[in-house]
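Undergrad: Spelled out, the chains give:
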Amino acid sequence: MSLCEAEKTFVLHGVEENLRIDGRDREQYRPMELETDVVSHAFGSARLRLANTDVLVAVKIEVDAPFPDRPTEGKLEFFVDCSANATPDFEGRGGEELAAEISNCLSSAYSSSLSFDLTKLCIVKGRKCWKLYVDILILECGGNLFDAISIAVKVALWNTQVPKVRCIDMDGNTVDINVCQDMFECQRLDVENAPVMVTVCKIGDKCIVDPNAAEEQCSVGSVVVAVSGNRLSTVLQTGMGSLHPLTLVECLKMGHKVGKKLDEAVKEILEKSPKGGDVGFLN
Amino acid sequence: MPIDHKRINGPDDTLPYQLFIKLNRQSLSQKYKELVQNGKRHDSRTPLQHRKIFMKTGVVSQAKGSAYIEVEKTKVIVSVFDPREIPNRQDYSLKGEIYCEFKFAPFSCEKRRLHQLDAEEKQYSQMMKKALEATVCRHEFPNFQVDIYALVLHNDGSALSAAITAAGLALSHAGVPMYDLITSVTLGIQKDTILIDPTTKEEQICRAPFVKEQEDNEHGLVVISMIHTHNQVAQFYQTGSISLEKLSHLIETLEKACADIVPVIQQCLVKHVIKTIKKSSNAN
Amino acid sequence: MSQKFHIRLASQRVNTSIAENQRYPKIFTPGETITKQNEFMRGHGTYEDNGELKSSVAGVREQVNNLISVKPLKSRYNGEVGDIVVGRITEVQQKRWKVDTNARLDSILLLSSVNLPGGELRRRSVEDEHMMRQYLQEGDLISAEVQSVHSDGTLSLHTRSLRYGKLGQGVLLKVFPSLIQRSKTHFHNLPVGASVILGNNGFIWICPIINNSEDSVGGFVQNLEEKVPRQERESIGRIRNCIQALAMCKMMIYDTSILYAYEESLKYSIVELLVPEAMVDIAILTQHRLSMIEV
Chain R
1 MSLCEAEKTF
11 VLHGVEENLR
21 IDGRDREQYR
31 PMELETDVVS
41 HAFGSARLRL
51 ANTDVLVAVK
61 IEVDAPFPDR
71 PTEGKLEFFV
81 DCSANATPDF
91 EGRGGEELAA
101 EISNCLSSAY
111 SSSLSFDLTK
121 LCIVKGRKCW
131 KLYVDILILE
141 CGGNLFDAIS
151 IAVKVALWNT
161 QVPKVRCIDM
171 DGNTVDINVC
181 QDMFECQRLD
191 VENAPVMVTV
201 CKIGDKCIVD
211 PNAAEEQCSV
221 GSVVVAVSGN
231 RLSTVLQTGM
241 GSLHPLTLVE
251 CLKMGHKVGK
261 KLDEAVKEIL
271 EKSPKGGDVG
281 FLN
Chain S
1 MPIDHKRING
11 PDDTLPYQLF
21 IKLNRQSLSQ
31 KYKELVQNGK
41 RHDSRTPLQH
51 RKIFMKTGVV
61 SQAKGSAYIE
71 VEKTKVIVSV
81 FDPREIPNRQ
91 DYSLKGEIYC
101 EFKFAPFSCE
111 KRRLHQLDAE
121 EKQYSQMMKK
131 ALEATVCRHE
141 FPNFQVDIYA
151 LVLHNDGSAL
161 SAAITAAGLA
171 LSHAGVPMYD
181 LITSVTLGIQ
191 KDTILIDPTT
201 KEEQICRAPF
211 VKEQEDNEHG
221 LVVISMIHTH
231 NQVAQFYQTG
241 SISLEKLSHL
251 IETLEKACAD
261 IVPVIQQCLV
271 KHVIKTIKKS
281 SNAN
Chain L
1 MSQKFHIRLA
11 SQRVNTSIAE
21 NQRYPKIFTP
31 GETITKQNEF
41 MRGHGTYEDN
51 GELKSSVAGV
61 REQVNNLISV
71 KPLKSRYNGE
81 VGDIVVGRIT
91 EVQQKRWKVD
101 TNARLDSILL
111 LSSVNLPGGE
121 LRRRSVEDEH
131 MMRQYLQEGD
141 LISAEVQSVH
151 SDGTLSLHTR
161 SLRYGKLGQG
171 VLLKVFPSLI
181 QRSKTHFHNL
191 PVGASVILGN
201 NGFIWICPII
211 NNSEDSVGGF
221 VQNLEEKVPR
231 QERESIGRIR
241 NCIQALAMCK
251 MMIYDTSILY
261 AYEESLKYSI
271 VELLVPEAMV
281 DIAILTQHRL
291 SMIEV
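Protein chains in written order, with this note's numbering: chain R, 1 to 283; chain S, 1 to 284; chain L, 1 to 295.
A couple of the hints might just be wrong.
[To be verified] Pairs of lysine-lysine, DSSO-like flavour, derived with a Cα cap of 30 Å: (1) R/K75 with S/K201; (2) S/K246 with S/K256; (3) S/K111 with R/K75; (4) L/K98 with R/K8; (5) S/K56 with S/K256; (6) L/K227 with R/K8; (7) R/K131 with S/K201; (8) S/K95 with L/K98.
[As the list claims (entries may be wrong)] Pair by pair, the computed Cβ-Cβ distance ranges are: (9) R/A213 with L/Q181: 23 to 29 Å; (10) S/T253 with L/E225: 39 to 45 Å; (11) R/V165 with S/F20: 27 to 33 Å; (12) L/N15 with S/P142: 50 to 56 Å; (13) R/C180 with L/V60: 51 to 57 Å; (14) L/V60 with R/K120: 53 to 59 Å; (15) R/A213 with S/I8: 44 to 50 Å; (16) R/K120 with L/R13: 33 to 39 Å; (17) S/Y99 with L/L162: 46 to 52 Å; (18) S/Y99 with L/D106: 27 to 33 Å; (19) S/P16 with R/C167: 30 to 36 Å; (20) R/D81 with L/F40: 47 to 53 Å; (21) S/S44 with R/E264: 46 to 52 Å.
The hints are simulated quantities; they were obtained by calculation from the structure and are not laboratory data.
Backbone N, C-alpha and C define an ideal beta-carbon position, used for all residues, glycine too.
So here's chain R without its partners, still in its complex pose (with noise of 0.2 Å):
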């Protein structure tokens, strides 16, 4: 689908105007609906929908070997399935460059350990680890991906329930754990500083949040923002076209705003989230 002039044209004075065509401002996201616990068989898992966009994540939890130059560390990876279901333009190898840009996108905001502590997944010293997946599914693609999938994300990881470890068997190289038993006895993984991506999308000479399908084809360019905590953890640029510095502060300038505002938004929700026991997920 693109656009002609005139409408890009409403579009852009509009933005200008600070009233956008669905009557939003330009700090404004439009309504998301939040699910978690949806997979059984995954350790933590949440579902976001924003509007058009619906992504899926899920965490599953394996034993593994810390990495020998990080050996108080545990392990998290990030996989983006662009399945063909979202858009035709995904099948076969159609979406595998975008999947690549958002897991990347994910890893280095995830990648400080003052946005995420890591440490708190080692279980021996240099020999045994939790690892984490986190595995992203794309069921609707309506824009704003990024975003999307980072609040998805943050909150699958608040969702997830680490196992216990009762005791640790040391015999010469092997190790053996003794996980508990009980379901109920988990630990919950610390996400307060858990990075929140905003993208920041520039049409005309203004910035706009949560893009729509539409207003992402006026834009010359946009910001995605990493926020974690008060701190910026990642920021990538994207799509074509260059800004001017002035622009990019704006930008970030924003994004952190906006971002800081979302996270609690999330976190006000999240508390409010019943433990167990959500609708199905395709109610």
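Following the hints, position chains S and L against chain R.
TA: Chains S and L alone, transformed into the frame defined by chain R:
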């Protein structure tokens, strides 16, 4: 890239021996202390000083355009190949495409690299593409694709920046129409120490925070690519954990650092032209 | 929605069904036998098998004399001659444009069935053929009328009236074609300060009021300079969100229902209309008012 099944790839996972030597057992805070001493880095640069750059064009005779860059120990070769029709494409695209491949040679880092592109290399390829897309006049070759290959021979930090700068030079050597020259600079930050053009060792120190609870535990790496005369940022990437105020300040610093490299590229291009003219007049 | 974010849990999801009575019509599923008598004619959404008439889609049965068809809720647009459609140009070809009208196949707009600027009837010259992209290019939106339906279902459009032609600044909204109520006119200048074109194909165009119909020249000019004033922009945004609310609750869309929904929506701000609760509320109130006039 298709996987070559016949190639013997060597062990999947290797460990560099450096991990086991004593020097590496130093704690991060100790390394940090040695980072800058008396206002000098370990290679006797000041923190905001870029390493010396050597550039040369026309190193790959078969390619349309090529460039070699040496930022002291970091060495990168970039070659640019003729525009060709976009393979496996049905619809007509009004703008030309750019294909980038950023590759570390297997022996270029401490750890041995495999022949296939790994996640990091793919990420760098994408960033390189992003940076170059903004500089090349893509409307001048619709439905065509320019291939750019960057090969890092030796990685001693800031390899991506070196590759982007060299790619810009190689593109202009190849005669691909461009809006402007592109320059790229990497910056590392750990606590309040800012290091322009970090080496591998410095990059590693900047990657992780060594104090958890304190306020001033900012750390991270920033890569910026600038289009000089238009004063535009073509590509920007940051990782780590940096506050907004600091990052805005860093952008200014990087802007200046990028501008400093421009004369080097210009000089290199002029030199190349003079050389060619001399050669042809000699031949006559 | 005064705050910038609105995150809800799935357990708080609202029910968008607003049917008043619980009596649903019989819904046929694909393969289900509709009738075993073979005096009926086969319409859309049905097929014959061993003398039985069976449904090929999931939907409700509609009968006109002997013709039986099954109408699904969601479907692509089945064109009929005389329908008003809104479409987007997808391709410029020799002497014709391809138009996406949400039908099964791309529709065709022939160069000979458009009013070219500067005179009602003149011969199409070779220059006109070369100029085609300047009249309409890929991505442009047009309003048109269905001139004929080909045997394979391709629609042939025409814009031989000053009402039709290229569309200027405004917003396009897509709903299910079956939600558009057929009426005498599909061009409405709503008194709230915007005009809408309800395309039979489910494409709805909302734009600022068009008042000067006499000086339009077949509509190949777009005014890109003019800025739509904020007030009109607000009503366009509100109408857009109202229609979306009606479509979400599967209510028929026509001028009265849009106007009622607009009036009922005034207690909310425009952005609040994106929240599902508000959307359902408006749909219920509109339905209530509509049933009042029917009585």
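Undergrad: Compare the structure with each hint and give your call.
TA: Going down the list of hints, with the structure as the test:
no.	hint	result
1	R/K75 with S/K201	holds (23 Å)
2	S/K246 with S/K256	holds (16 Å)
3	S/K111 with R/K75	holds (19 Å)
4	L/K98 with R/K8	holds (21 Å)
5	S/K56 with S/K256	holds (23 Å)
6	L/K227 with R/K8	holds (12 Å)
7	R/K131 with S/K201	holds (27 Å)
8	S/K95 with L/K98	holds (23 Å)
9	R/A213 with L/Q181: 23 to 29 Å	holds (27 Å)
10	S/T253 with L/E225: 39 to 45 Å	holds (42 Å)
11	R/V165 with S/F20: 27 to 33 Å	holds (28 Å)
12	L/N15 with S/P142: 50 to 56 Å	holds (51 Å)
13	R/C180 with L/V60: 51 to 57 Å	holds (56 Å)
14	L/V60 with R/K120: 53 to 59 Å	holds (58 Å)
15	R/A213 with S/I8: 44 to 50 Å	holds (47 Å)
16	R/K120 with L/R13: 33 to 39 Å	holds (34 Å)
17	S/Y99 with L/L162: 46 to 52 Å	holds (49 Å)
18	S/Y99 with L/D106: 27 to 33 Å	holds (32 Å)
19	S/P16 with R/C167: 30 to 36 Å	holds (35 Å)
20	R/D81 with L/F40: 47 to 53 Å	holds (48 Å)
21	S/S44 with R/E264: 46 to 52 Å	holds (47 Å)
Comparing the model with each earlier hint shows no violations; every hint is respected.
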